[in-house]
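Undergrad: Protein chains in written order, with this note's numbering: chain C, 1 to 407; chain Z, 408 to 814.
Derived from the structure by calculation, the hints contain no laboratory data.
Treat the hints with caution; some may be incorrect.
Listed next, with one range per pair, are the computed distances between beta-carbon atoms [said to hold, decoys possible]:
#1 C/Asp64 / Z/Ser781: 48 to 58 Å
#2 Z/Gly453 / C/Asp236: 30 to 40 Å
#3 Z/Glu442 / C/Ala320: 34 to 44 Å
#4 Z/Ser440 / C/Asp290: 34 to 44 Å
#5 C/Thr243 / Z/Ala708: 36 to 46 Å
#6 Z/Glu427 / C/Ala320: 20 to 30 Å
#7 C/Asp64 / Z/Ser735: 48 to 58 Å
#8 C/Ala206 / Z/Thr754: 30 to 40 Å
#9 C/Thr233 / Z/Asp693: 25 to 35 Å
#10 C/Gly303 / Z/Pro663: 32 to 42 Å
#11 Z/Glu655 / C/Ala327: 50 to 60 Å
#12 C/Gln293 / Z/Lys632: 38 to 48 Å
A virtual CB, placed ideally from N, CA and C, is assigned to each residue, including glycine.
There are 2 protein chains.
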Amino acid sequence: MIVVVDSGSSVLEELQRVNERDSAVQAWVARHSDEDIIEASTTPRGGPLTGWTLGVKDVINTYDLPTERGSPIYAGNRPTEDAACVALAREAGALVTGKTVTTEFALFTPNVTKNPHDLNRTPGGSSSGSAAAVADGQVRSAFGTQTVGSVIRPAAFCGVVGFKPTRELLPMAGVATLSHSFDSVGWFTRNVADCATMFRSLTAGATTGGSFQGKIGRYLSHQWKAAAPETATVVDHSCSELTNAGIEVVDVEPQPHLELVFDAANTILHYEIFRVFAWERTHHFDLISDLVQRMLVKAEAIGLDEYLSAQATLRSAQEAHDEFMNASGFDALLTPSAPGEAPSIETTGDSVFNRVWTSLGVPTVHLPVTSGPSGLPLGIQLVGQRWSDQRLLTSAGLAESSFGHAQ
Amino acid sequence: MIVVVDSGSSVLEELQRVNERDSAVQAWVARHSDEDIIEASTTPRGGPLTGWTLGVKDVINTYDLPTERGSPIYAGNRPTEDAACVALAREAGALVTGKTVTTEFALFTPNVTKNPHDLNRTPGGSSSGSAAAVADGQVRSAFGTQTVGSVIRPAAFCGVVGFKPTRELLPMAGVATLSHSFDSVGWFTRNVADCATMFRSLTAGATTGGSFQGKIGRYLSHQWKAAAPETATVVDHSCSELTNAGIEVVDVEPQPHLELVFDAANTILHYEIFRVFAWERTHHFDLISDLVQRMLVKAEAIGLDEYLSAQATLRSAQEAHDEFMNASGFDALLTPSAPGEAPSIETTGDSVFNRVWTSLGVPTVHLPVTSGPSGLPLGIQLVGQRWSDQRLLTSAGLAESSFGHAQ
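Work out the full structure, taking the sequences as your base and the hints as a guide.
TA: Shown next as structure tokens:
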């Protein structure tokens, strides 16, 4: 019995892939047994995700598997219920096969997962296992979360499509909070069509149209000095392909209204994290990693006035950015996803090209484009406007076609 | 041994009050034993909430007591951790004595709690037990949540101070989601000084200053036709007292920019609730009350386009309201908290005077003022500007003094 799924692989092929590769890639914290997955995959379902396997980042609650948040504090933690996004995906027909490795609390300390393209490289973080499992063909799609760069960065390093919707479009019910001003659910797929099907399943929204204008801004950003040479190359190459496909690409200088967002976001993040982790701090400080302990201790110094001032800076930037995007008529900004190819496994990589966009609450998508000097995936990020996720997905679909390698 | 707390009552007096009144008022779902509470109250603590007892609405996670969300679906549900707000309050010295009765999922179906001023009347909802327990002297303060009117309304009906901060000022980590665009944690106290101490404990922010100008807008709103005669009286009386205290009170016509918010908020709420409760819908529909079942069935019809349109309406109103408040120089708007005195126990009362403000994300506080024709509490609502919670608390303190009966 072969259960064929639309992407060209099958549940049995995915299971075989897990069995061959799991000890090397280590994308999973907990999985249902192969027998249970096969059994469930033959149960008739309805909905646009019928036949899809789905991984769930281990900061997202599931009623049938533990949710340990990458921390020994939550070892064996068994939520009563599914997170809303998981229940919606199951309602649409998806089959949850397991929980994927996250960094501790979706922060920055590397966990066990390896980049499937090179086991000495990081898959990125914090949604490490989700990105790696999709990239390695072990699952059709997987949920991640993004507070700074935790979907786009691992998507870039693993060479898959990663999507983070407009903040607050999807409920965070049942998803562990990191920084409530910035947290979003997102997901990984191997192509834009699958990404759009996930979107449709979760929102009941169409994914065609969205008033696409055919105009994209090439935006190198205030953080451009962090870009490796291969990143400049992939941005240039992508813009050429878009131009060849008939899309207008306009160079945009780093915008003054975005200059202060990077630091303001950091202040907000730290003020909130100190409070969000009040229970973990006060009950289990010794079970928190050294890096995160240090961050928490430092974060205590940020007072309410400093936080409110950073929130005001962010708000002004959000308003100015809405005006800028409306006035420019851009469907999206094209900008780097990450500094370059995946670095070695000592870190999860740098989120320098993600923080501003996540903080603005805008939707953003990573698209694989080519490979870099070490043969590892390289791609670009398209950044849309708040609440215009459908327009961004339309842009992403056209961009993917112009790059000529939708999987 | 008498453990004296600052508000003039003591832990032992509160325990005695619970023992005398619990069978009538029924504010608690779960409590620690008297022995454990007395034992814990003698343990040395630090922080501004030292000596305070605290009730926690049963949609808010606690590691040491179940969290059942007012639903048989969550019977016996035991979270691993405290919600962030609870852990912060404990860190500041508060002693959690128990979990308070909530309506099912913090929605509208009445639960067992009675109004302590008249057992045939509702305490209001959804934070029914928290408001009733504070009003009845069974606890010093209690957490609630507000998505429409679930803090301000029960505060009004029970005659206590109720505060809902700017949305997103406090983390919702560990608090059950209802509608993520609107949910906030809030709290009940018997006076503004205690309310401000809670604020300081949770935010590390000062509660003096906040650039108070001495100018308040009297705002009857587009919903004024729902107000009972005694509500008009208490609004007039409050404004006279404020004027007597040297505060400038200015009449404000219902503002055009707020006209569409009421309906837009309803659309957003329903679209989100359908998704937030995906797991409960798909796994335990039969354990959901008839009223909520009907709401969920109806909510499915709202599509993404309608939701996005309502979000756009709300966003415009938020921006226009910020401009209006900045231009007017008002410290707060004074407006009804509820249509009138607490109605009978068949409902939790009408949130008609709360929905617009909650949807805008602004901070709001209920202040008791007098009693109505049936001898039940009446008061007013002060509504501040987003992120200006400290200014609102300053206004509330001065207003309370002008009303002449801080407890």
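Undergrad: Now tell me if each hint is right for this structure.
TA: Each hint tested on the structure:
1. In this structure the hint that C/Asp64 and Z/Ser781 lie 48 to 58 Å apart at CB holds, the actual value being about 51 Å.
2. Between Z/Gly453 and C/Asp236 the C-beta distance comes to about 59 Å, which lies outside the given range of 30 to 40 Å.
3. For the pair Z/Glu442 and C/Ala320, the supplied restraint of 34 to 44 Å is violated, since their beta-carbon distance comes to about 59 Å.
4. Separated by about 39 Å at the C-beta atoms, Z/Ser440 and C/Asp290 satisfy the suggested range of 34 to 44 Å.
5. Restraint check, C/Thr243 to Z/Ala708: a C-beta distance of roughly 43 Å satisfies the suggested window 36 to 46 Å.
6. Take Z/Glu427 and C/Ala320: their Cβ atoms lie about 59 Å apart, and the range 20 to 30 Å is violated.
7. Checking the proposed 48 to 58 Å range against C/Asp64 and Z/Ser735 shows it holds: the Cβ atoms sit about 54 Å from each other.
8. Between C/Ala206 and Z/Thr754 the beta carbons are some 39 Å apart, a value that agrees with the proposed interval 30 to 40 Å.
9. At about 59 Å, the CB distance of C/Thr233 to Z/Asp693 disagrees with the hint of 25 to 35 Å.
10. About 38 Å separates the C-beta atoms of C/Gly303 and Z/Pro663, a value consistent with the hinted range of 32 to 42 Å.
11. The supplied range of 50 to 60 Å is broken by Z/Glu655 and C/Ala327, whose beta-carbon atoms lie about 40 Å from each other.
12. Between C/Gln293 and Z/Lys632 the beta carbons are some 57 Å apart, a value that contradicts the proposed interval 38 to 48 Å.
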